[in-house]
Every structure is written in C-alpha cells, then in structure tokens.
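K.L.:
Could you build all of it, start to finish, from the sequences and the hints given here?
If you want the building blocks of each chain, they are given just below.
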Amino acid sequence: MKFTVEIDVMPLKEILDPQGKAVKLGLGHLGIENVQEVRIGRHITMTMQAKDEKEARATVEKACEKLLSNVIMETYTYTIKEQKTVGRK
Amino acid sequence: MKFGVLVFPGSNCDDDMVYTLGQVLQQPVEKVWHKNTSLKGIDFVIVPGGFSYGDYLRSGAIAQFSPIMAEVVKHAKQGGYVLGICNGFQILTEAGLLEGVLLKNDHQKYVCKNIYLKAQTKKTLLTQALSLKKSYKIPIAHGDGRYYADKDTLKKLNDKDQVLFRYCDEAGKITKAANPNGSLENIAGITNKARNVFGMMPHPERAANALLGNTDGKLILDSLLTVMA
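Chains A and B supply the protein sequences, listed in that same order.
The opening position of the first sequence corresponds to residue 1 in our numbering, with each subsequent residue numbered one higher.
The opening position of the second sequence corresponds to residue 90 in our numbering, with each subsequent residue numbered one higher.
Where hints are given, some of them may not hold.
To be verified - With a straight-line cut-off of 25 Å between C-alpha atoms, the simulated DMTMM-like cross-links for lysine to aspartate or glutamate are: (1) B:Lys245 to A:Glu14; (2) B:Lys265 to A:Glu14; (3) B:Lys166 to A:Glu65; (4) A:Lys21 to B:Asp104; (5) A:Lys21 to B:Glu274; (6) A:Lys13 to B:Asp132; (7) B:Lys198 to A:Glu74; (8) B:Lys245 to A:Glu65; (9) B:Lys124 to A:Glu74; (10) A:Lys13 to B:Asp233; (11) A:Lys24 to B:Asp195; (12) B:Lys245 to B:Glu259; (13) A:Lys13 to B:Glu274; (14) B:Lys240 to A:Glu14; (15) A:Lys21 to B:Asp250.
As the list claims (entries may be wrong) - Ranges of calculated distance between the beta carbons of each label pair, as one might list FRET restraints: (16) B:Lys282 to A:Leu25: 48 to 54 Å; (17) A:Lys13 to B:Glu274: 43 to 49 Å; (18) A:Thr45 to B:Gly302: 33 to 39 Å; (19) A:Val71 to B:Gly302: 39 to 45 Å; (20) B:Gln112 to A:Thr77: 26 to 32 Å.
Stated by the list, open to error - A short list of chain B residues far from chain A (calculated; beta carbon distances all over 10 Å): (21) Tyr108; (22) Lys120; (23) Trp122; (24) Gly143; (25) Arg147; (26) Glu183; (27) Lys193; (28) Asp195; (29) Val200; (30) Cys201; (31) Gly261; (32) Asn285; (33) Leu314.
These are computed hints drawn from the structure, not numbers from a lab.
Every residue gets a Cβ at the ideal spot worked out from N, C-alpha and C, and that includes glycine.
P.N.:
Encoded structure:
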C-alpha cells in the first residue's frame with residue numbers, strides 16, 4: 001500500500017522561537033499589527049510504501065522520533081492517508 | 090595516544106584541528122572520513138566544527154547517522170574520549186552522547202567573534218589543567234549555539250559538576266551581557282556523566298598559534314595532554 005504522510009514539526013511552547021519573533025516584527029513593518037504571536041516550524045511530506053497503515057505509522061513515528069524532530073526542543077504531529085491509484089492515469 | 094578528526098560532508102574546521110594537534114601540539118593525528126566503519130587504533134575522537142550536511146533539518150541531525158557515528162557511540166560507551174566542537178557539539182547532542190540541545194541564537198544572527206570563557210570544574214581531562222579564576226579568550230562562530238536543556242537535566246548537570254565552561258566577560262564575571270547567544274546559565278560546554286565525552290561551542294583550535302595573536306586555546310588543548318603524555 002502507498003501512503004502520503006504530512007508531518008508538522010514545531011518548537012516546544014516553552015522555548016523561545018527567535019525566527020517567529022523576527023517574522024512578527026516584519027509583519028508589524030508591513031502594517032499588520034493585530035498578530036499576537038508567530039511560531040515557525042517545519043512541514044514535511046513523504047510518500048511511502050507499507051503493508052498496512054499500522055506499519056506505516058510505526059515507520060513515521062520512528063522517523064519523527066529519531067531524525068525529523070528532536071523531542072528535547074520540538075513536538076511533531078502527522079496525518080497519514082492511503083493513496084488511491086484506481087481511476088488515475 | 091592517537092587523535093582522529095572526523096570529516097563529514099560540510100565539516101570545515103577539520104584542517105584547523107589536524108594542524109593544531111599535529112603541528113602545534115606535536116601529537117599523532119589523522120582524519121577519519123564519515124563513511125568509515127572503524128576507528129582503527131584511535132584513542133581520542135574529535136568531532137570538528139562546520140556545517141555537516143549543510144545544517145539541513147537541524148544542525149548535526151543528519152550527521153548522527155553517518156556510518157562512523159555508530160563506532161563513535163561504541164567508543165564513548167567503552168569510556169573512550171570524544172570532544173565535539175561547535176557543529177561537533179551539536180552532533181554529539183543529536184547522537185545522545187551529551188544532554189540538551191543547541192538552539193538558534195536568541196538574537197537570530199550568526200555570531201563570529203572572540204568571547205571569554207571560564208572553566209567551571211577541574212574534574213575532567215579537558216579542564217583539569219585550567220585555572221578556575223582566569224578568563225580564556227576563545228573565538229566562537231555559530232548561528233545555533235544557544236544551549237538548552239529542561240529543568241531536571243540542567244539541575245543534574247549542575248549537581249554532578251558536568252558544566253565545563255560558561256561565557257564570561259574579560260574580568261571573568263559571568264553576566265547576561267557576556268552571553269553571546271542566549272545559552273541557559275551562560276553554558277558554553279558540558280561533559281557527560283562518565284566524564285569522557287566533551288562538547289563546547291567555542292573553538293580552541295583557532296586560538297592555538299602565536300602567529301594568530303591568541304594562544305588561550307592551546308592552554309585548553311594542552312590540558313588533554315597533561316595526563317595523556
């Protein structure tokens with residue numbers, strides 16, 4: 001089975017995100033004053049093969065825990081969808 | 090005692106380190122390519138500075154899975170010495186050999202300048218020959234140098250005397266103004282529980298030659314040889 005995985009990696013709430021702070025400053029310069037907070041993370045998409053969704057999830061979690069995020073400073077969330085190829089060219 | 094300096098794609102302080110260890114300190118040293126699967130006869134592993142794998146994903150994150158790193162972890166678990174400098178420190182935290190993590194500098198800028206360091210303990214090979222009163226002038230050059238660890242880890246590092254260096258001013262005072270990147274409690278270097286793995290953001294290898302106008306880094310690296318010689 002083929003799956004599409006969408007992963008979001010975000011800095012932990014208690015950690016200062018200087019990138020988000022700098023962007024908030026830029027928004028202010030753009031005249032956008034009503035934004036209270038900006039936090040910046042990373043979005044990762046993957047396509048993968050697995051025998052079922054359970055196996056796919058186990059792989060994604062290993063990837064997130066070991067490489068795609070660092071749990072000391074970040075959290076991750078993901079969605080996983082089976083790719084339906086039927087009816088497509 | 091033989092030194093091995095790891096080389097990853099994107100390492101750029103490997104030559105400085107090989108020169109300093111070989112020419113200045115007159116020690117046997119060789120480079121070890123990251124795809125090697127053996128540390129053949131190397132006693133002391135150096136993980137040098139640079140931008141391994143272009144700093145993609147997170148600094149040091151991808152390098153932790155290079156083939157040689159399995160050997161470095163094994164070497165460290167057996168009590169072998171490992172020193173990571175700058176990107177090397179980031180790699181060692183990502184690999185779980187040192188606790189905590191190096192975040193983006195609080196001011197969001199890359200910082201390249203001389204800073205001052207104060208040794209915090211004499212109970213490691215890297216700091217045993219240093220004075221706890223002197224401030225050592227050493228260059229830093231990093232964008233992700235803000236040391237962070239959760240409260241429990243930080244307490245443990247302090248309680249177990251695992252903080253090696255803190256940023257200070259020229260007079261040796263550890264102040265907020267002397268902190269170049271927003272590191273927790275001005276931490277610039279730490280060791281592991283077993284005290285054989287060291288990580289530091291400043292570059293002693295860039296301050297070990299009188300021609301460059303600064304030899305405080307040599308004092309730090311000399312500390313390694315006091316026992317090893």
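K.L.:
Indicate, hint by hint, whether the structure satisfies it.
P.N.:
Hint by hint, here is what the structure shows:
no., hint, verdict
1, B:Lys245 to A:Glu14, "holds (20 Å)"
2, B:Lys265 to A:Glu14, "holds (20 Å)"
3, B:Lys166 to A:Glu65, "holds (22 Å)"
4, A:Lys21 to B:Asp104, "violated (37 Å)"
5, A:Lys21 to B:Glu274, "holds (22 Å)"
6, A:Lys13 to B:Asp132, "violated (41 Å)"
7, B:Lys198 to A:Glu74, "holds (21 Å)"
8, B:Lys245 to A:Glu65, "holds (24 Å)"
9, B:Lys124 to A:Glu74, "violated (29 Å)"
10, A:Lys13 to B:Asp233, "holds (18 Å)"
11, A:Lys24 to B:Asp195, "holds (15 Å)"
12, B:Lys245 to B:Glu259, "violated (28 Å)"
13, A:Lys13 to B:Glu274, "holds (20 Å)"
14, B:Lys240 to A:Glu14, "holds (11 Å)"
15, A:Lys21 to B:Asp250, "violated (34 Å)"
16, B:Lys282 to A:Leu25: 48 to 54 Å, "violated (41 Å)"
17, A:Lys13 to B:Glu274: 43 to 49 Å, "violated (21 Å)"
18, A:Thr45 to B:Gly302: 33 to 39 Å, "violated (50 Å)"
19, A:Val71 to B:Gly302: 39 to 45 Å, "holds (42 Å)"
20, B:Gln112 to A:Thr77: 26 to 32 Å, "violated (51 Å)"
21, Tyr108, "holds (32 Å)"
22, Lys120, "holds (26 Å)"
23, Trp122, "holds (21 Å)"
24, Gly143, "holds (15 Å)"
25, Arg147, "violated (6 Å)"
26, Glu183, "violated (7 Å)"
27, Lys193, "violated (6 Å)"
28, Asp195, "violated (6 Å)"
29, Val200, "holds (13 Å)"
30, Cys201, "holds (18 Å)"
31, Gly261, "holds (27 Å)"
32, Asn285, "holds (22 Å)"
33, Leu314, "holds (33 Å)"
Hints 4, 6, 9, 12, 15, 16, 17, 18, 20, 25, 26, 27 and 28, counting from the list given before, are not met by this structure.
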